[in-house]
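Based on the hints, put chain B in the right spot on chain A.
Line by line, the protein sequences are chains A and B. For the first sequence, the working numbering assigns the number 1 to the initial residue and increments by one for each residue that follows. For the second sequence, the working numbering assigns the number 1 to the initial residue and increments by one for each residue that follows.
Careful: at least some of the hints might be erroneous.
Copies of the same chain look alike in the list, so a pair counts if it works inside one copy or between any two.
[Claimed, not checked] Under the rule of at most 30 angstroms between Cα atoms (straight-line distance), these lysine-lysine pairs were calculated in the BS3-like manner:
1) 58 to 318
2) 131 to 358
3) 366 to 42
4) 339 to 42
5) 278 to 42
6) 366 to 339
7) 318 to 42
8) 233 to 182
9) 366 to 182
10) 223 to 233
11) 136 to 182
12) 136 to 223
Note that these hints are calculated values from the structure, not bench results.
Number of protein chains: 2
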Amino acid sequence: MTPQFNRGPRILLGPGPAMTSPRVMRALTTPTVGHLDPDLLKLYAEEQELLRYAFQTKNEWTFALSGTGTSGMESALTNLIEPGDNVLVAIHGYFGERIAEIAARQGGNVDRITRPLGEIFTVEEIETALKAKAYKLFAIVHAETSTGAEQLHIPQIAEAAHRHGALILLDTVTSLGGIPLKIDEWNIDAAYSASQKNLCSPSGLAPITFGPRAKEAVEKRTKPVNSFYLDLKLYSAYWNGAHAYHHTASATMHYALAEALRELHEETLELRFARYRKVAEALWSGLTNIEVAPFIPLNYRLPSLTTARVPQGVDPHKVRARLLEEYNIEIAGGFGSLKDLVWRIGLMGQSNSLENVKILLDAFDKILNTK
Amino acid sequence: MTPQFNRGPRILLGPGPAMTSPRVMRALTTPTVGHLDPDLLKLYAEEQELLRYAFQTKNEWTFALSGTGTSGMESALTNLIEPGDNVLVAIHGYFGERIAEIAARQGGNVDRITRPLGEIFTVEEIETALKAKAYKLFAIVHAETSTGAEQLHIPQIAEAAHRHGALILLDTVTSLGGIPLKIDEWNIDAAYSASQKNLCSPSGLAPITFGPRAKEAVEKRTKPVNSFYLDLKLYSAYWNGAHAYHHTASATMHYALAEALRELHEETLELRFARYRKVAEALWSGLTNIEVAPFIPLNYRLPSLTTARVPQGVDPHKVRARLLEEYNIEIAGGFGSLKDLVWRIGLMGQSNSLENVKILLDAFDKILNTK
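Next comes chain A alone, as it looks inside the complex (with noise of 0.2 angstroms):
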């Protein structure tokens, strides 16, 4: 009546989770400990100064939040935006989109500024963009997930952005710990990402980190924040200050969090960025010799995912079926427009490695020869 999940591991090629590493697993058996547990919130402590280094921050509001990269992403708009506050969204895909409901959601007064999926925007573009109106906030989409899009010149981005009186929100869901990203050199305000994608552990926690121009903006809010679940002026009392009961945090993820946070140390973040570019461009050389070409141009391709195109006259769905049922793979399809279009290939954490590249390129072109 009840049978047990009992699957073998999949291997894991889409855009999040990625597959974990056998210390990341063991990890999770810790057992659990209180939410206000003394060990426990030094391993806090712990965890803020790995994810100062993730972020390459020193920022005061840095933690990780008990929700998924979407709890992050409503946090960070929850907490900076106020009913009326005008805010810009610069779209250059699917989750640019998500940050302009939310920000409409939670009250702002939203304007959008596109791109066409794949592409990004210059400098220019957003400076125009930030002319038009006094903006609170202006956010924006380091790595696509939905494209596999890089946003290049995020540092003179985020300075015409001060320069206009906007602070600056990046969304790092897919950066964090995969292509370099310097919080503090680059003057970024508020950034969010997720446990499950470049960092390699189970999904479920939010890596957040606040800056003081975002922490000011928090605390002269005339009216308190919508959300009391992801208010981080209670996670600061929690983290930081008293540590203050705010909700149940799970030692769980945060023994897990924790552990792939000293694994991203240890290996350094210029020594992933480049074993993450090495695979990527093995698997871009091997693609195109199957005639799936990658279609991000090579200057702001992202090597922790990478859209495909899909050949014409083969059915993309199709071949992602086989590649699950019969391989045991998981890529991920397109998202909108690019559905039909393109797959998406993720190569993070335990994910990332030359074996997986070459049973995905002879799994493609076994099923595209016998299609």
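Just chain B, lined up with the frame of chain A:
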């Protein structure tokens, strides 16, 4: 530089998290699959059936949200309340107050009725309050984690709410799986809970159920729900409908919760309630023997969470610290005005055993007699 968290198991006798079973711990290490994996969607279907068993409901909208119990509370309120809606909250402890605060943040026009800590409401008190205004929503806590009191007469209270045109929302964080709870038979419109209490899984998921009237209220909204992350229509599309992407739910946490729910189903609700009561009675009689009297009268005292009066002249915080440091036992202190007056002792999940009661009573006895 980055030491591993390496402490042995605590004996967790606080208000949750409870200790988890070896089966649940093993389930955590099941390899991750994607959030849209066909096998995970099958697990959701099973998990929903098991949640319906725990809640005693046939409600279609029965999910486990990707957050802690507080996210369940916030989801229920943000989905049911539109700005300006009249909301009545009956408060007999800290978590009732939390409901009122979140309801106000969601734009509700909130009225409160309160009982002193440790007391519960009569049906007449609630009926009188319901007459004051046309309330859209009435909310109350079934089992107050802050006091250890069970609010009795829930079916009669639900009937009164409906007679006065209000929906009833029941906080079942500490009741689900611990004391009888019959969502359909009692005509409860909406309820939420948490994974780490009587369900005995790690923290991180919030079971929720919405009946036909609550679902209709959500569907008739004129404005979108403030929260995108906790929007139940989007959850329904992900769990029940076309399995549309909403957020990257944690397969890991669902493996654990589904396994814990299987254990509940195998034991049966009836036998679990009987076991809880038997172990609680051993605690109560042992506490009375060492002159640490239970705070809540027997007729509405929760078996899964006992508040115990601190004897005259004893520093409750020093006793708690000694229990943790010398005996590796976690219990909790009182909330608010009960801070220096009671301890809170939980007996849930694997924590619920006669052995743990004996260990705790012996430790209490030694500490109180060597103070």
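The hints, checked one at a time:
{"no.": "1", "hint": "58 to 318", "in the structure": "neither (47 angstroms within a copy, 36 angstroms between copies)"}
{"no.": "2", "hint": "131 to 358", "in the structure": "neither (49 angstroms within a copy, 70 angstroms between copies)"}
{"no.": "3", "hint": "366 to 42", "in the structure": "between (51 angstroms within a copy, 29 angstroms between copies)"}
{"no.": "4", "hint": "339 to 42", "in the structure": "between (45 angstroms within a copy, 24 angstroms between copies)"}
{"no.": "5", "hint": "278 to 42", "in the structure": "neither (36 angstroms within a copy, 37 angstroms between copies)"}
{"no.": "6", "hint": "366 to 339", "in the structure": "within (23 angstroms within a copy, 67 angstroms between copies)"}
{"no.": "7", "hint": "318 to 42", "in the structure": "between (49 angstroms within a copy, 21 angstroms between copies)"}
{"no.": "8", "hint": "233 to 182", "in the structure": "within (24 angstroms within a copy, 37 angstroms between copies)"}
{"no.": "9", "hint": "366 to 182", "in the structure": "neither (42 angstroms within a copy, 55 angstroms between copies)"}
{"no.": "10", "hint": "223 to 233", "in the structure": "both (13 angstroms within a copy, 27 angstroms between copies)"}
{"no.": "11", "hint": "136 to 182", "in the structure": "within (22 angstroms within a copy, 48 angstroms between copies)"}
{"no.": "12", "hint": "136 to 223", "in the structure": "both (16 angstroms within a copy, 24 angstroms between copies)"}
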